[in-house]
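S.K.: The residues making up each chain are set out below.
There are 2 protein chains.
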Amino acid sequence: MTENEITLALIQSLKDGRTQDFQHILDELQPYDIAVQYRHLPEKHRERFLLHLTVRQLTELMQELHRNDQVRLLERMSVDQSTKVLDLMDNDDLVSLLSDLEPTMIEELLSRMNREESSYIQKTMNYPPETAGRIMNNRYVWIPRHYTIREAIDKIRDFAEIAEYLNYLYVVDEDKKLLGVVSYKDLILGELDEQIDDVMYTRVVKVDALTDQEEVAAIISRYDFITLPVVDTENRLLGIITVDDVIDVVLQEANEDIEKLSASGKSIDFQTPPFVAAYRRLPWLILLLFIGLISGGIISRFEDTLQTVVALAFFMPMIAGMTGNTGTQSLAVVVRGLVGQKPDKKGTFKLILRELWVGIIIGVTCAVLILLIAYVWQGSLVLGLVVGSSLLLTLIIGTLAGTVIPLILYRLKIDPAVASGPLITTINDILSLLIYFGLASLFISRLM
Amino acid sequence: MTENEITLALIQSLKDGRTQDFQHILDELQPYDIAVQYRHLPEKHRERFLLHLTVRQLTELMQELHRNDQVRLLERMSVDQSTKVLDLMDNDDLVSLLSDLEPTMIEELLSRMNREESSYIQKTMNYPPETAGRIMNNRYVWIPRHYTIREAIDKIRDFAEIAEYLNYLYVVDEDKKLLGVVSYKDLILGELDEQIDDVMYTRVVKVDALTDQEEVAAIISRYDFITLPVVDTENRLLGIITVDDVIDVVLQEANEDIEKLSASGKSIDFQTPPFVAAYRRLPWLILLLFIGLISGGIISRFEDTLQTVVALAFFMPMIAGMTGNTGTQSLAVVVRGLVGQKPDKKGTFKLILRELWVGIIIGVTCAVLILLIAYVWQGSLVLGLVVGSSLLLTLIIGTLAGTVIPLILYRLKIDPAVASGPLITTINDILSLLIYFGLASLFISRLM
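Protein chains in written order, with UniProt numbering: chain V, 1 to 448; chain R, 1 to 448.
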């Protein structure tokens with residue numbers, strides 16, 4: 001059945017009151033598909049649709065909706081329903097939802113929830129955003145070391161409905177300190193009477209709750225793990241992070257890099273209303289407007305030079321543009337490179353040296369090209385030489401600026417991506433104008 | 001033990017010929033850690049290190065190395081060793097390695113491999129790059145529908161070493177057509193004598209082998225799957241795609257977007273030598289150089305205007321820069337938005353209308369600001385009005401250009417990210433100069 005056919009079948013079964021048929025269709029749908037159906041459904045059918053969902057299905061639906069729809073659904077449900085749904089929701093999804101609500105609303109919702117769950121949620125929400133503690137959940141299975149494989153399998157069976165993934169069991173002592181990990185492969189390949197102690201793996205890869213989520217993503221993708229345990233400073237097991245959340249983290253971090261590189265403002269998507277989008281973009285633009293006026297100030301200093309040789313103005317946008325472009329290129333290489341690896345001092349020096357060479361190669365190539373063009377176009381060899389040597393210098397400096405500025409920010413523990421493309425472009429504009437008009441003024445007598 | 005302590009212990013055990021101790025240390029290391037140790041090891045110890053690895057450890061090491069190191073290791077191994085390693089390697093990793101080798105080398109390596117494996121590899125390599133077929137592997141477990149849960153568990157036990165993840169078993173008929181899927185949760189919760197037929201899930205989410213890898217990543221992250229089956233047009237099961245590869249795809253696609261947005265050239269990382277990096281960046285820069293000269297041509301057309309009112313030159317870089325910046329912002333919003341959703345005609349129209357509004361709001365704000373600044377700085381209201389209204393127009397047009405150009409490319413099935421920031425910036429440069437000098441020429445008599 002296509003999506004539309006399913007929608008029609010669902011509506012029909014709701015209209016006819018055929019509850020069993022309705023459940024039959026839903027049973028075959030993934031949570032994501034249930035959410036798609038809910039969004040497809042005309043408003044007038046939604047009330048009845050929700051009435052016929054089990055608490056588990058309501059929870060699954062909840063977890064797949066966008067933030068606005070989640071809040072609306074929350075308001076639609078009865079107090080009893082919403083409490084059950086919150087109890088059942090994955091902790092990490094719930095924390096993410098609560099983080100966006102009003103404090104009084106958070107308190108009210110938490111007070112209704114199962115005590116154990118709500119205290120876990122509160123603990124999680126105390127960790128700073130974008131850390132391991134904030135995206136962990138408690139849907140894992142733990143066992144003591146003296147268990148046999150048979151006992152471990154029994155425990156898995158009891159928790160199969162609740163645990164998010166069953167790929168690993170975590171072995172802890174009486175203080176919940178993490179001792180080891182057992183994979184379900186070990187369980188399948190071992191003998192039922194063998195003790196967990198003998199099959200567990202003790203060199204556990206784990207992260208502290210305060211680890212940055214980008215680092216967490218790097219570890220999970222490096223080791224190809226499905227889940228990663230989170231511990232406190234005493235090595236007590238606090239929760240696990242699952243690979244599906246890591247994909248979200250990778251996407252989010254890449255989007256943040258692009259937002260910053262393009263200075264396009266935070267979280268603007270296709271649904272953002274125009275005033276909000278403009279409001280988020282304006283601060284950057286106004287900053288860049290003022291920096292752009294510095295270029296104007298520089299040109300006004302060279303007013304006489306420009307008045308004498310107006311042809312100098314013809315090459316101004318090209319030189320400024322090229323310097324900005326090469327800076328943006330270097331910036332992008334550095335920002336993305338830093339995602340994968342953290343260079344030490346030697347590596348940083350090597351990288352700057354590499355970019356210096358790149359700047360020289362690019363500079364010489366483009367300078368020779370523009371020298372010829374300027375000579376042919378304006379018939380003045382001196383003008384060609386001034387334009388060419390300016391371009392050579394500004395390309396080298398622009399390339400280095402695009403490399404060194406993000407690296408300095410990185411050393412200062414500031415996200416290097418805030419040195420956005422537009423910012424580098426504007427700074428390089430200023431540098432290039434200074435060099436260009438400076439050189440031109442030196443040779444002004446020959447240019448006339 | 002820290003990484004360095006492990007390295008020292010490994011070297012010591014190799015020197016003393018304590019093979020058992022050596023293996024003891026290795027047993028506790030993850031494949032990624034073995035690779036880290038290998039890279040740490042001084043060249044003179046590597047030979048002996050490799051000699052002491054089992055074939056399985058060699059394979060794990062191989063899979064974790066960078067391409068250059070992989071090729072070097074391949075050359076170092078004996079023919080017998082390398083054949084065994086290739087047979088054991090995950091298909092997707094092997095395909096990715098082979099894709100970068102010479103055709104004669106590929107043929108030679110494949111001819112030595114296990115017949116079944118090499119024919120699977122050849123089939124995989126026939127799919128276009130960046131499709132599901134290219135990143136799938138055959139390390140999954142399949143069962144016929146008439147199996148009982150007990151038989152299924154026995155089969156899992158037989159294949160536990162080979163299968164990459166055991167989260168799902170795939171149920172196929174005698175033609176290998178995909179009938180359903182069973183999760184290990186179903187196996188754990190079911191009765192041993194129950195038939196697979198009764199517990200399997202038949203509405204399987206699957207992809208065709210020609211599906212784009214970006215689409216595959218979207219499906220896996222949408223459904224929070226660990227693996228996703230790949231079928232041919234006849235619904236025959238060809239392989240599975242695993243979540244760890246999807247993380248790599250997401251990272252790769254984000255990097256490609258940033259490379260294109262910044263026009264920074266393909267695959268430049270910290271290790272790329274300067275000549276290669278310069279060679280990859282130059283084509284873009286030379287193209288942008290020529291486009292930049294068009295700006296120069298426009299200015300030369302307005303030589304008289306500029307000669308009369310040199311102050312016009314002061315605002316040139318700011319206007320061109322701002323138009324480029326707003327274009328880059330819109331571009332980034334569109335390119336990243338398209339990763340998550342594919343707007344239909346109505347959505348596209350709404351988006352363009354939204355950006356038009358954004359352009360107007362941004363334009364009015366900045367225009368009023370610059371009108372005041374220009375008036376105060378240069379003391380001419382007419383100049384202020386010319387600069388302000390130019391900025392208003394160019395910001396609206398620049399915002400629209402940054403939105404419409406990538407959307408048109410997207411409709412033409414060209415990757416919208418090729419409309420790079422530098423390209424949009426340069427095009428917006430030209431548009432803004434035309435408008436600015438055009439308006440200035442109209443009011444030239446009042447500006448003098």
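Honestly, the hints are just simulated from the structure, not real lab data. Please read all numbers here as calculations on a predicted model, not as lab measurements. Note that CB positions come from ideal geometry on N, CA and C, so glycine has one too. Keep in mind that the hints are not guaranteed to be accurate.
Capping the alpha-carbon separation at 30 Å, the derived lysine-lysine pairs in DSS-like fashion look like this [as the list claims (entries may be wrong)]: (1) Lys185(R) x Lys266(V); (2) Lys266(V) x Lys123(V); (3) Lys84(R) x Lys176(R); (4) Lys350(V) x Lys350(R); (5) Lys185(V) x Lys266(R); (6) Lys206(V) x Lys346(V); (7) Lys185(R) x Lys176(V); (8) Lys206(V) x Lys185(R); (9) Lys155(V) x Lys84(R); (10) Lys176(V) x Lys123(V); (11) Lys176(V) x Lys206(V); (12) Lys345(V) x Lys185(R); (13) Lys176(R) x Lys350(V).
Derived Cβ-Cβ restraints for the label pairs, each shown as a range [as the list claims (entries may be wrong)]: (14) Val55(R) x Leu210(V): 36 to 42 Å; (15) Pro103(V) x Glu43(R): 57 to 63 Å; (16) Asp154(R) x Phe159(V): 19 to 25 Å; (17) His24(R) x Gln122(V): 40 to 46 Å; (18) Pro144(R) x Arg76(V): 44 to 50 Å; (19) Ile360(R) x Arg115(V): 51 to 57 Å; (20) Leu356(V) x Lys350(R): 46 to 52 Å; (21) Arg76(V) x Val55(R): 23 to 29 Å; (22) Phe275(R) x Phe159(V): 53 to 59 Å; (23) Lys350(R) x Ser99(V): 39 to 45 Å; (24) Asp415(V) x Val55(R): 39 to 45 Å; (25) Asn235(R) x Glu151(V): 54 to 60 Å; (26) Ser99(V) x Glu215(R): 29 to 35 Å; (27) Ile286(R) x His40(V): 30 to 36 Å.
S.K.: Against each hint, give a clear statement of whether it holds in the structure.
M.R.: Against the structure, the hints:
no., hint, verdict
1, Lys185(R) x Lys266(V), "40 Å, violated"
2, Lys266(V) x Lys123(V), "27 Å, holds"
3, Lys84(R) x Lys176(R), "28 Å, holds"
4, Lys350(V) x Lys350(R), "48 Å, violated"
5, Lys185(V) x Lys266(R), "40 Å, violated"
6, Lys206(V) x Lys346(V), "29 Å, holds"
7, Lys185(R) x Lys176(V), "26 Å, holds"
8, Lys206(V) x Lys185(R), "25 Å, holds"
9, Lys155(V) x Lys84(R), "39 Å, violated"
10, Lys176(V) x Lys123(V), "16 Å, holds"
11, Lys176(V) x Lys206(V), "14 Å, holds"
12, Lys345(V) x Lys185(R), "49 Å, violated"
13, Lys176(R) x Lys350(V), "54 Å, violated"
14, Val55(R) x Leu210(V): 36 to 42 Å, "40 Å, holds"
15, Pro103(V) x Glu43(R): 57 to 63 Å, "60 Å, holds"
16, Asp154(R) x Phe159(V): 19 to 25 Å, "24 Å, holds"
17, His24(R) x Gln122(V): 40 to 46 Å, "44 Å, holds"
18, Pro144(R) x Arg76(V): 44 to 50 Å, "46 Å, holds"
19, Ile360(R) x Arg115(V): 51 to 57 Å, "53 Å, holds"
20, Leu356(V) x Lys350(R): 46 to 52 Å, "47 Å, holds"
21, Arg76(V) x Val55(R): 23 to 29 Å, "59 Å, violated"
22, Phe275(R) x Phe159(V): 53 to 59 Å, "58 Å, holds"
23, Lys350(R) x Ser99(V): 39 to 45 Å, "29 Å, violated"
24, Asp415(V) x Val55(R): 39 to 45 Å, "44 Å, holds"
25, Asn235(R) x Glu151(V): 54 to 60 Å, "42 Å, violated"
26, Ser99(V) x Glu215(R): 29 to 35 Å, "30 Å, holds"
27, Ile286(R) x His40(V): 30 to 36 Å, "50 Å, violated"
Of the numbered hints stated above, those contradicted by the structure are hints 1, 4, 5, 9, 12, 13, 21, 23, 25, 27, listed in ascending order.
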